[in-house]
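Taking the hints into account, I'd like the entire structure generated from these sequences.
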Amino acid sequence: MAALRRLLCGGKSHVSVLLRREFHRSSPAALQVNVRDALNQALDEEIERDERVFLLGEEVAQYDGAYKAAKTYYMSAGRVSVPIVFRGPNGASAGVAAQHSQCFAAWYAHCPGLKVLSPWSAEDAKGLLKAAIRDDNPVVMLENELMYGVPFELSEEAQSKDFVIPIGKEGIDCEVINLRTIRPMDTETIEASVTKTNHLVTVEGGWPQFGVGAEICAKIMEGPAFNYLDAPVFRVTGADVPMPYAKILEDNCIPQVKDIIFAVKKTLNVI
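Note that this note's numbering gives residue 256 to position 256 of the sequence shown, counting from 1, and the numbers run on in steps of one.
The set of hints was computed from the structure by calculation and includes no laboratory data. For clarity, every value in this text was computed on a predicted model and none was experimentally measured. Be a bit skeptical, because a hint or two may be false.
[As the list claims (entries may be wrong)] Taking lysine-lysine and the DSS-like style, the derived pairs with C-alpha atoms no more than 30 angstroms apart in a straight line are:
hint: 1; residue 1: K115; residue 2: K258
hint: 2; residue 1: K219; residue 2: K161
hint: 3; residue 1: K169; residue 2: K266
hint: 4; residue 1: K219; residue 2: K258
hint: 5; residue 1: K169; residue 2: K115
hint: 6; residue 1: K265; residue 2: K115
hint: 7; residue 1: K266; residue 2: K247
hint: 8; residue 1: K71; residue 2: K115
hint: 9; residue 1: K247; residue 2: K196
hint: 10; residue 1: K219; residue 2: K196
hint: 11; residue 1: K258; residue 2: K196
hint: 12; residue 1: K196; residue 2: K169
hint: 13; residue 1: K266; residue 2: K115
In structure tokens, the structure reads:
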């Protein structure tokens, strides 16, 4: 009772403090969007953004097909671009046998001049379709029919009307650890990353022999994270030579973006 009397005598300030202590705001749940809705969002946003964008459905209008469109830019010596997108279901479906279950990715990709896209998630579908619509080349969008109704978390970035995924970029997500301190080394963070991603690529500007990357490799192999590796650790280092003066040689002696990309692809066995 004494505590209640003090609260009532304290006035509104005490009540507001109590309310602030009793209630808290939880972070909003991630937006769930299925692939079909993500595709529709992309179409709506691009039609709204650019008045030149329009839709043609099956048996709605006459067209000459993707193959002729792919050759127009080449045969016009680059004077006539063909900004058109062909999209439709592709690959295996459910319960329709050979009549409708077939992947045409290799067929379309075989034709020079066509860009061929194959999205997986809702974010892929939205970002790639928007990029395809904005592209000046003919693009074939192959959509997995079984994925249309599957929901995915859509990041805040992907919810923007300006979100696009550049065509030609692989969908490899890398977790980057900026060590900042070499000694003592944050081994726990590295081990946690390996446990989650099952791969490891180290990047350093120094020479390879007895380097920081070599020490990281040793720590991983001697620790519990070793059993989580799905491939050998790859090191990206400076060249094992004294630094040359010539600019082109200097560039080839220090890690470049292409070197990191190559190492990542190699550890994922995609090259």
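- prompt: If you check each hint against the structure, which ones fail?
  reply: 2 and 9
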